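S.K.: Under this note's numbering, the sequence shown has 124 at position 59, and the numbering climbs by one with no breaks.
Treat the hints loosely; a few may be bogus.
[Claimed, not checked] Simulated restraints on C-beta separations:
#1 M66 with N121: 32 to 38 Å
#2 E94 with D115: 29 to 35 Å
#3 T99 with K77: 25 to 31 Å
#4 E111 with K68: 30 to 36 Å
#5 N106 with N81: 14 to 20 Å
#6 T99 with W79: 20 to 26 Å
#7 K68 with N106: 18 to 24 Å
#8 K68 with E114: 31 to 37 Å
Just so you know, the hints here were simulated from the structure itself, not pulled from any lab data. A quick note: this is a predicted structure, and the numbers were derived from the prediction, not measured. Beta carbons are placed, not taken as given, at the ideal position from N, Cα and C, and that holds for glycine.
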Amino acid sequence: MNKFWNYRVLKKDWENGLVSYDVCEVYYENDIPTSWIWGKNVLSGESKEDLEWRLNNSISIPANRLSIFNY
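Kindly produce the complete structure, drawing on both the sequences and the hints.
M.R.: Below is the structure:
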């Protein structure tokens, strides 16, 4: 069984109509995502553009390479 984790950008649609984008730990088994950590996020934003701006001003990875995953 192949287990690993990495960081992914997850989009959350809240019940009150707000949306957030967060960099979260995602865990995999055999290349399939099985769980993620929502409460202890590395970075978050109120929109994709907000998160991209925060990423561009925090680290040297270009934000235009982001993949957004809905859950």
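S.K.: Take the hints in turn and mark each one as holding or not.
M.R.: Results for each hint:
| no. | hint | result |
| --- | --- | --- |
| 1 | M66 with N121: 32 to 38 Å | 37 Å, holds |
| 2 | E94 with D115: 29 to 35 Å | 32 Å, holds |
| 3 | T99 with K77: 25 to 31 Å | 18 Å, violated |
| 4 | E111 with K68: 30 to 36 Å | 33 Å, holds |
| 5 | N106 with N81: 14 to 20 Å | 19 Å, holds |
| 6 | T99 with W79: 20 to 26 Å | 23 Å, holds |
| 7 | K68 with N106: 18 to 24 Å | 21 Å, holds |
| 8 | K68 with E114: 31 to 37 Å | 34 Å, holds |
In summary, the one numbered hint that this structure violates is 3.
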